[in-house]
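Peer 1: The chain contents come next:
Number of protein chains: 2
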Amino acid sequence: MAEDERKIVLDKSNFSEWYNDVVDVAGLSEKRYPIKGMNVWTPYGWKIMQKVDSIIRRECDATGHDEVHFPLLIPKTEFQKEADHIKGFDAEVYWVTHGGLNELDIPLLLRPTSETAMYPIFSLWVRSHKDLPLKTYQIVNTFRYETKMTRSFIRVREIHFFEAHTCHDSFEEAEKQIREDCSIMDKVGSDLCLPYLLVKRPDWDKFAGAVYTIGVDTLMPSKKTLQLGSIHQYKENFSKPYDIKFEGSDGEFHFAHQTTYGMSERLIGAIVGVHGDDKGVIMPPKIAPFQFVIIPILAKNKSEMVLEEARKLRQEMTEMGFRIKLDERDTRPGSKHYDWEIKGVPIRIEIGPRDIEKGTVVFARRDLSTKSFIERSDLKAQAEKALDEIHSELRKRADDIVDNGVKMVDSLDDGTKLLGSGWDGIIKTNWCGEMDCAQAMEKALDKTFLGFPMKDVDSGEEEKHSGNCMNCGRPTDTVVMLSKSY
Amino acid sequence: MAEDERKIVLDKSNFSEWYNDVVDVAGLSEKRYPIKGMNVWTPYGWKIMQKVDSIIRRECDATGHDEVHFPLLIPKTEFQKEADHIKGFDAEVYWVTHGGLNELDIPLLLRPTSETAMYPIFSLWVRSHKDLPLKTYQIVNTFRYETKMTRSFIRVREIHFFEAHTCHDSFEEAEKQIREDCSIMDKVGSDLCLPYLLVKRPDWDKFAGAVYTIGVDTLMPSKKTLQLGSIHQYKENFSKPYDIKFEGSDGEFHFAHQTTYGMSERLIGAIVGVHGDDKGVIMPPKIAPFQFVIIPILAKNKSEMVLEEARKLRQEMTEMGFRIKLDERDTRPGSKHYDWEIKGVPIRIEIGPRDIEKGTVVFARRDLSTKSFIERSDLKAQAEKALDEIHSELRKRADDIVDNGVKMVDSLDDGTKLLGSGWDGIIKTNWCGEMDCAQAMEKALDKTFLGFPMKDVDSGEEEKHSGNCMNCGRPTDTVVMLSKSY
Numbered sequence: 000m001a002e003d004e005r006k007i008v009l010d011k012s013n014f015s016e017w018y019n020d021v022v023d024v025a026g027l028s029e030k031r032y033p034i035k036g037m038n039v040w041t042p043y044g045w046k047i048m049q050k051v052d053s054i055i056r057r058e059c060d061a062t063g064h065d066e067v068h069f070p071l072l073i074p075k076t077e078f079q080k081e082a083d084h085i086k087g088f089d090a091e092v093y094w095v096t097h098g099g100l101n102e103l104d105i106p107l108l109l110r111p112t113s114e115t116a117m118y119p120i121f122s123l124w125v126r127s128h129k130d131l132p133l134k135t136y137q138i139v140n141t142f143r144y145e146t147k148m149t150r151s152f153i154r155v156r157e158i159h160f161f162e163a164h165t166c167h168d169s170f171e172e173a174e175k176q177i178r179e180d181c182s183i184m185d186k187v188g189s190d191l192c193l194p195y196l197l198v199k200r201p202d203w204d205k206f207a208g209a210v211y212t213i214g215v216d217t218l219m220p221s222k223k224t225l226q227l228g229s230i231h232q233y234k235e236n237f238s239k240p241y242d243i244k245f246e247g248s249d250g251e252f253h254f255a256h257q258t259t260y261g262m263s264e265r266l267i268g269a270i271v272g273v274h275g276d277d278k279g280v281i282m283p284p285k286i287a288p289f290q291f292v293i294i295p296i297l298a299k300n301k302s303e304m305v306l307e308e309a310r311k312l313r314q315e316m317t318e319m320g321f322r323i324k325l326d327e328r329d330t331r332p333g334s335k336h337y338d339w340e341i342k343g344v345p346i347r348i349e350i351g352p353r354d355i356e357k358g359t360v361v362f363a364r365r366d367l368s369t370k371s372f373i374e375r376s377d378l379k380a381q382a383e384k385a386l387d388e389i390h391s392e393l394r395k396r397a398d399d400i401v402d403n404g405v406k407m408v409d410s411l412d413d414g415t416k417l418l419g420s421g422w423d424g425i426i427k428t429n430w431c432g433e434m435d436c437a438q439a440m441e442k443a444l445d446k447t448f449l450g451f452p453m454k455d456v457d458s459g460e461e462e463k464h465s466g467n468c469m470n471c472g473r474p475t476d477t478v479v480m481l482s483k484s485y
Numbered sequence: 000m001a002e003d004e005r006k007i008v009l010d011k012s013n014f015s016e017w018y019n020d021v022v023d024v025a026g027l028s029e030k031r032y033p034i035k036g037m038n039v040w041t042p043y044g045w046k047i048m049q050k051v052d053s054i055i056r057r058e059c060d061a062t063g064h065d066e067v068h069f070p071l072l073i074p075k076t077e078f079q080k081e082a083d084h085i086k087g088f089d090a091e092v093y094w095v096t097h098g099g100l101n102e103l104d105i106p107l108l109l110r111p112t113s114e115t116a117m118y119p120i121f122s123l124w125v126r127s128h129k130d131l132p133l134k135t136y137q138i139v140n141t142f143r144y145e146t147k148m149t150r151s152f153i154r155v156r157e158i159h160f161f162e163a164h165t166c167h168d169s170f171e172e173a174e175k176q177i178r179e180d181c182s183i184m185d186k187v188g189s190d191l192c193l194p195y196l197l198v199k200r201p202d203w204d205k206f207a208g209a210v211y212t213i214g215v216d217t218l219m220p221s222k223k224t225l226q227l228g229s230i231h232q233y234k235e236n237f238s239k240p241y242d243i244k245f246e247g248s249d250g251e252f253h254f255a256h257q258t259t260y261g262m263s264e265r266l267i268g269a270i271v272g273v274h275g276d277d278k279g280v281i282m283p284p285k286i287a288p289f290q291f292v293i294i295p296i297l298a299k300n301k302s303e304m305v306l307e308e309a310r311k312l313r314q315e316m317t318e319m320g321f322r323i324k325l326d327e328r329d330t331r332p333g334s335k336h337y338d339w340e341i342k343g344v345p346i347r348i349e350i351g352p353r354d355i356e357k358g359t360v361v362f363a364r365r366d367l368s369t370k371s372f373i374e375r376s377d378l379k380a381q382a383e384k385a386l387d388e389i390h391s392e393l394r395k396r397a398d399d400i401v402d403n404g405v406k407m408v409d410s411l412d413d414g415t416k417l418l419g420s421g422w423d424g425i426i427k428t429n430w431c432g433e434m435d436c437a438q439a440m441e442k443a444l445d446k447t448f449l450g451f452p453m454k455d456v457d458s459g460e461e462e463k464h465s466g467n468c469m470n471c472g473r474p475t476d477t478v479v480m481l482s483k484s485y
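Chains as they are written, first to last, in numbering that gives the first Met the number 0: chain A, 0 to 485; chain B, 0 to 485.
Everything labelled a hint here was simulated from the structure, so no lab data went into it.
Each hint can be trusted.
Which copy is meant is left open, because identical chains are indistinguishable; a pair holds if it fits in one copy or across any two.
Straight-line C-alpha distance at most 27 Å; calculated DSS-like pairs for lysine-lysine: (1) K129 / K299; (2) K285 / K46; (3) K463 / K223; (4) K46 / K129; (5) K324 / K50; (6) K483 / K11; (7) K134 / K324; (8) K129 / K301.
Go ahead and model the full structure; you've got the sequences and the hints to work with.
Peer 2: See below:
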């Protein structure tokens, strides 16, 4: 199809506009719902979200978490039990004040997250050390009255949300859970071809009620970090006000140690942002609603034969376990190519009269725009191989983004020079721990503290590196990252 | 285990109490959440609901419906566009009036059902006859401020809900959709082993805004009918106020004809009520979270060997595609039997040292309490056969309930005599169409009009039968059903 027939020009170099456009034209989300920041999940967008959910479920189930589903509404009286938590959410919860024509005795709020819904019940479920660990998760929508500008998947008011909540008999067991959470994140990130960093938040930026928070951050093409998820150590901060205690093997009662792990539809925003290009989005094979789209090339007098063969191919590949779309629409192949490119189907299969004669099909890769002839007799192996290759290519791109997006810098001078040279991304440096220095660094670099990078996925330790505070020069081995964030 | 060790006596002859107890002891729902009628889905209950959802998804996908997911909150201004609809729901919606510390300009309501959320968007999606039919569904929670007594799964304030919404280019196409809905119900009812009747509601009992409503009713052991779902013909009642119109092939604009189909977690309430007994619930094999529970019989000195073999058995059967639970708890087999009976696992597998020697296992059926020895070499075929047999047995029980639960009666005298004899259930009779007669019949029988039974699943026609109005004796072929209802 000629370029001039394309309906919209996608230009990723203008990321913010590109992102909004591509979500629209790929049909990922319907933004015209009459409440700002509450979008409609389209059939295609919802299929992607369900694939992501199924990966999260697989990992949670494999690690012994039970899926539950708690009510949406939380009585004000329960919500108010943990003081820091209320302060953190007070300005952004939706309040239900009336049922029918009656004013409610106790106002109810729409869960912004479910600690205060779950923990009154956990206090009933946890009685003895034999009930521990209690490992639960749920996938629900949460609600935040956002006052900032909204953006599909990234900042919305109704959020498709995963949250794991666990109770343990000791701080050490809770710490182990946090390491397990990091390894779940690693598997999810790998399947979704998402680059990510584990960064412990500074105290002033931790979750309301947490002892500490590990943020899961990705780097968007805008060079801003996007928090994809977060993992929290609560210690006894919630179990005390919510009275979650157990009889230990010592016969004494103890408060449970708790952790949570949250992720949201931002995972989709990140996939769109990281992997999309000027032709549209690119769906990682493991979550693509359709891994292959079959485009029949309908030649004169042979249309019926080709269509029949294309249907047979769909049937075959479906039985092989692939997710297949056959585009039977009565439009030109070029127009179909364009539509499925925008939607990011990993591989387009073309099949025409000559292919049928030769017993081949054409595979066209979305990521590299390459084409190859595939023998029908070797279809399953070739299809698997092609999906694997795309997965690897997208993972490589993801890794490159992090590798090139983080730079270690020793001094404020070097930092401002680097940023002045045109490079932008995450600045990694040393920090002495003084607030004055933090503020000076933030101001000079025009970035904010993202936090303390973790050494690796498994150890639960922060990265250490001898150096000097970027601002005052005092020696320190504390490493921090600064970035602009969504 | 000896009877006297049982923790609770379940007595289904006292249905109402039995129902509440069995939901508790089988761990289907946690009712202690601090808002009346909003219950917590436990891991076991949620697994059942997800299986039911997956059957509904399968049928909707196979009939070309697209799954979508619309926002929870609906602006008051959108809600008010269809007059009858508001009247129907005004007294039972929850209102969100505040976001954070601000009063909202336009109050928002929690969806009681999603017509008024979806249709403003349908008016954007439907432009041409080529966009039709538009067939969508979603599985979400809905909210009703119930003032009646709540009961798990049957009458709750947060309802797990399936709703299909379709748009068509003509009344005839919409009628076809309704017949398709009935056939979907037939498949769902069959897989869930649920008896059901399709009964067109009298005009005064139809859905707010509908032209007509077909109720899907089951008969509970309490002899009260429970509405499991409903199918609605809207004609243009919503498309006009919501401006859903399309350009026809005639070049003119027409309003779309619409239908909806709803079902809820009541399906689970019905399964519990219909199939449970004094030992607990009985899960139909197609939705049982665990189709088999393996109980290792741990004899002295051989425990490790038996446990190892039991794990191997779990692995084998999981690979065969069955859903398996291995109960490794350190408690007596009798206690385990009791727990899994309550939860209704269709088949308990016992495996002990002698079984291992002989290459057999014991299958104990939950529905008939029978036991049989199964050769390990023939395990897959025998396991499939056993599940099929249980499915057939439960379906037969379901059919019997409807067959014995509905009686045709000619006159008020016969009706009151029948009810006086101790029989109770659905009364089927003729009615002339006059309101006075309807009221007299309802009063004399102490039942209410359920509606007009459909002839069959496929035809879309009501049952007709020559006779005389039960009250006034005038000849008529209109057949009606009366019952007590939840």
